[in-house]
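K.L.:
Top line first, the protein sequences correspond to chains S and E. Here the numbering used here is used: the first residue of the first sequence is 24, the next is one more, and so on. Here the numbering used here is used: the first residue of the second sequence is 536, the next is one more, and so on.
Careful, some of the hints might be misleading.
Examples of chain S residues toward chain E, derived with CB under 7 Å [what the hints assert, rightly or not]:
(1) L77
(2) R91
(3) A92
(4) A95
(5) S160
(6) L220
(7) E223
(8) L241
(9) S242
Derived from the structure by calculation, the hints contain no laboratory data. Cβ coordinates follow ideal geometry from the N, Cα and C atoms, glycine included.
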Amino acid sequence: MSGFGQANASGPREAADWSNGRIIRTNLRAIIGRAYPRIIGLTREPSWVFFEILLPFLAVSAFVFVYRALEAPEDYIGFVVLGGAMTAFWLNVVWMMAAQFYWEKDQGNLELYFTAPMHLMSILAGMAIGGLVMTSSRALAVIGIGSLIYAVSYDIRDPFLLAGVFLLTMLPLYGMGMLFASLFLMWGREAFHLAQLLQEPIYFLGGVNFPLRHLGGLSALIAATLPLAVGLDAMRQLAFPGPASEGVLPVGAEIAILAAMAVVFIIGARFALGYLETLARREGRLTLRWQ
Amino acid sequence: MTARAAPVRGITLADAWRSFRTAIGLGWAIESNWSDPFLFAVYTVAKPLAAAMILVVMFQVITGGSGTEFLQFMIVGTALWNVVFGVMGGLVQSILEDRERYRMIKYVVVTPSSLFPFLLGRSLARVAISFVAVALTLLVGIVFLGVELRPNLLILVPATVLGVLSVIGLGVFMAGWCLQLRQEAWSYPEAIAGALYLISGAVFPIDILPAIVHPIAYASPTTWWLEASRRGLLGHGSPGALGTLSDGTVLLILTISTAIAVPLSLAAFAWFMRRARQAGLLDMVTGS
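All chains, please: the whole structure from these sequences, using the hints.
P.N.:
If you want it as structure tokens, here you go:
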């Protein structure tokens, strides 16, 4: 008897009738399986680490020197370093979550995902967990190196709250990535352009290099839609308390917004994935290479 | 005994031109026609403008809007830098896409035509888009941010020709180099362009950099291209040490650095291509 289905199943329908425990175990294995290459890749491909640290660090350095040229207060150097670290997560979400299904389709893996006996949300969750672990090391390196080289001083009065806000920011951020994964796939060949479009414009709208409130009326709208912006605004308030880091909203309100965003984006991702599966079955071309 | 086959003739100028022209059409089709026109237009406009707006807001936050000379310096620098990203990204992405994704570079190489005109043509779409980005950024600077252009064509034209030539030289070198790599080749143009952005005085005077980096900054043709272009567009140079040099000196150094960079890049590209043929790198797929 093969490992598929129940040991004493009398037919395919009965064999496919899995217990809840088995469904959960299979989906957990899918999560671990998809997270594994991203985590193990940290040690197998050291060159990735070099680029993922170097690229955000170069950008951070350019903005630090701009602030130095403008003789800005030292807090702003810290804002840029923190923003640069969070950029690593955003890049991970855009290129390795949102665009990932598109790349998987190009490589011919997406058909396998659709036919495997697991939920696609498990694949997305595995990608998110693996990406989070992988990117955390790079973000920490950017913060560590940036803080050391540019002598950033932090004034963290409540480190647990800061850590909590960071983790809470990751939920809607990766939830957004899960949602975009389905949308990018549906929008077909635009994936590369979309991913490019979600870089500089989002760095600008997200206040990655300056406090969000300086965008004026626009900042409230952004605070309601972009988890990167809200999370960064809250973290700056907690890491650099002072007039320069005054947020769009108090930290408590931003935490509530992040929690609401997490729910909305993850549920949205679930629905988008359901729609995608329906389309894939009906049209039969969403999973095909070159389409 | 069969008759000896006629020798294969070498590439003629007409072959190169035909190859170049065809590649332009192909590159443009890949860049634009395969996308939704609206998304393509937004992408072309939004990305460079957002990059410039980040600097504008940073400037406004710190200075409150005073000292527009520095703002003009930043706007021109960030506008022109689109060309570096366009040329480097265009050349490297073209050669990698054709090897990794479309898997047809080996067929181009075995045709009587050379890869070089094909590569230039194939990447021209991205270069053209980068010039649109330059124009748009400058336009926004003039209309909304009070950038005052005082063009001096006697400086601007040679600066643009020499600067673009040197950037193409760097891009050709990168394209050949990236062909040798197994992994992460896609990241190289961004990394190198990012490093040059930092040292070339694109958005801040190079005097701000640590002294140890100054020799690299002065050796890079992009530093002199930006400086000469600023003088050609704004009528004055950068703040800091570069601004004290005469226009003639800046153009002379740009000419010398370009005259060194371009032949070296072409020679390196020829060597990289020879190595790629010998090592079987032209039909290699890294899966990266």
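K.L.:
Now tell me, hint by hint, if it's right for this structure.
P.N.:
Each hint tested on the structure:
Because the closest C-beta pair between S/L77 and chain E is about 6 Å apart, less than 7 Å, the hint holds. Among the interface hints, the one on S/R91 holds; its C-beta lies about 5 Å from the nearest C-beta in chain E, closer than the 7 Å criterion. Annotation: interface hint on S/A92 holds; nearest CB of chain E at approximately 4 Å, less than 7 Å. With a cut of 7 Å, the hint placing S/A95 at the interface with chain E holds, because the nearest CB-to-CB distance is about 5 Å.
Using the Cβ-Cβ criterion of 7 Å, the hint placing S/S160 at the interface with chain E is not satisfied: the shortest such distance is roughly 17 Å. With 7 Å as the threshold, the beta carbon of S/L220 comes within range of chain E, its nearest partner Cβ sitting at about 5 Å, so the hint holds. The interface hint given for S/E223 holds, since its Cβ lies 4 Å from the closest Cβ of chain E, which is under the 7 Å cut-off. A cut of 7 Å between beta carbons decides the hint on S/L241: the least distance to chain E is about 11 Å, and the hint is violated.
Interface restraint check: S/S242 against chain E, minimum CB-CB distance 11 Å, threshold 7 Å, status violated.
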